[in-house]
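K.L.:
Listed here are the chains, written in short residue letters.
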Amino acid sequence: GQQLNQSPQSMFIQEGEDVSMNCTSSSIFNTWLWYKQDPGEGPVLLIALYKAGELTSNGRLTAQFGITRKDSFLNISASIPSDVGIYFCAGRAAFASKLTFGTGTRLQVTL
Amino acid sequence: AAGVIQSPRHLIKEKRETATLKCYPIPRHDTVYWYQQGPGQDPQFLISFYEKMQSDKGSIPDRFSAQQFSDYHSELNMSSLELGDSALYFCASSSPKWIYNEQFFGPGTRLTVL
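Taken in sequence, the protein lines are chains Z and F. The numbering of the first sequence is my numbering, which starts it at 7 and goes up by one. The numbering of the second sequence is my numbering, which starts it at 40 and goes up by one.
In short, the hints are calculated from the structure, not lab data. C-beta atoms are modelled at their ideal positions from N, C-alpha and C, and glycine is treated no differently. Be a bit skeptical, because a hint or two may be false.
What follows is a list of derived Cβ distance ranges for each label pair [stated by the list, open to error]:
id, chain 1, residue 1, chain 2, residue 2, range
1, Z, Q9, F, P78, 16 to 26 angstroms
2, Z, L117, F, A40, 39 to 49 angstroms
3, Z, E47, F, S109, 25 to 35 angstroms
4, Z, L117, F, P100, 40 to 50 angstroms
5, F, Q80, Z, S26, 16 to 26 angstroms
6, Z, P45, F, P47, 11 to 21 angstroms
Simulated pairs of lysine-lysine, PhoX-like, Cα-Cα distance not exceeding 25 angstroms [said to hold, decoys possible]:
id, chain 1, residue 1, chain 2, residue 2
7, Z, K42, Z, K76
8, F, K52, F, K91
9, Z, K42, Z, K57
10, Z, K42, F, K91
11, F, K96, Z, K76
12, Z, K57, Z, K76
Looking at chain Z on its own, in the form it has when it is part of the complex (with noise of 0.2 angstroms):
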């Protein structure tokens, strides 16, 4: 089946610091989307990407899909406390309705 690695797995860094993390798939998607997640709570929507090459921004985040399609990233501008959490990556292969998720990225984000 389609497995979407993500990394780092995890991050500390101090506030103001720009963050950048990955998703790499085995196989192609059609669409990448990525989701910040606190603890308990359900995964909210970031940004939302549906062409190879596409570079889109939503405030201090900005993510791109790979020209391959097969990978895509997430930058974090000027980090500040409530970028705290853990950021999945999520792929939709073409005619498939359900989203395959990354392993997940938690950062943690020092005053």
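Please build the complex by placing chain F on the supplied structure of chain Z, with the hints as guidance.
P.N.:
What follows is chain F alone, placed relative to chain Z:
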């Protein structure tokens, strides 16, 4: 804006009991998805419904069943509960714009099986 509603938020059951989880999608969303998330794991797709018909099926045990009703809400029925069923169960919904498939998640139901 209205979000996905799930009930109950917390549920405690004994082994071999049954449980029913409910999901109310965002208004005008016609597709619902169920995911299971174990401790420290990523969400795993269980099943989805589009216009009240099952549209996709993942790693859902035979002990589980689900349906979508005419008002688009969905229920996940779980029987013969096992300890390993303890997890967060999320429902997500998406709009009729199929190509975009932005799935919006509810707050989840935490199921604990004792």
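K.L.:
Compare the structure with each hint and give your call.
P.N.:
Each hint, compared with the structure:
no.: 1; hint: Q9(Z) to P78(F): 16 to 26 angstroms; in the structure: holds (20 angstroms)
no.: 2; hint: L117(Z) to A40(F): 39 to 49 angstroms; in the structure: violated (32 angstroms)
no.: 3; hint: E47(Z) to S109(F): 25 to 35 angstroms; in the structure: holds (30 angstroms)
no.: 4; hint: L117(Z) to P100(F): 40 to 50 angstroms; in the structure: holds (45 angstroms)
no.: 5; hint: Q80(F) to S26(Z): 16 to 26 angstroms; in the structure: holds (23 angstroms)
no.: 6; hint: P45(Z) to P47(F): 11 to 21 angstroms; in the structure: holds (19 angstroms)
no.: 7; hint: K42(Z) to K76(Z); in the structure: holds (21 angstroms)
no.: 8; hint: K52(F) to K91(F); in the structure: violated (28 angstroms)
no.: 9; hint: K42(Z) to K57(Z); in the structure: holds (21 angstroms)
no.: 10; hint: K42(Z) to K91(F); in the structure: violated (29 angstroms)
no.: 11; hint: K96(F) to K76(Z); in the structure: holds (23 angstroms)
no.: 12; hint: K57(Z) to K76(Z); in the structure: holds (12 angstroms)
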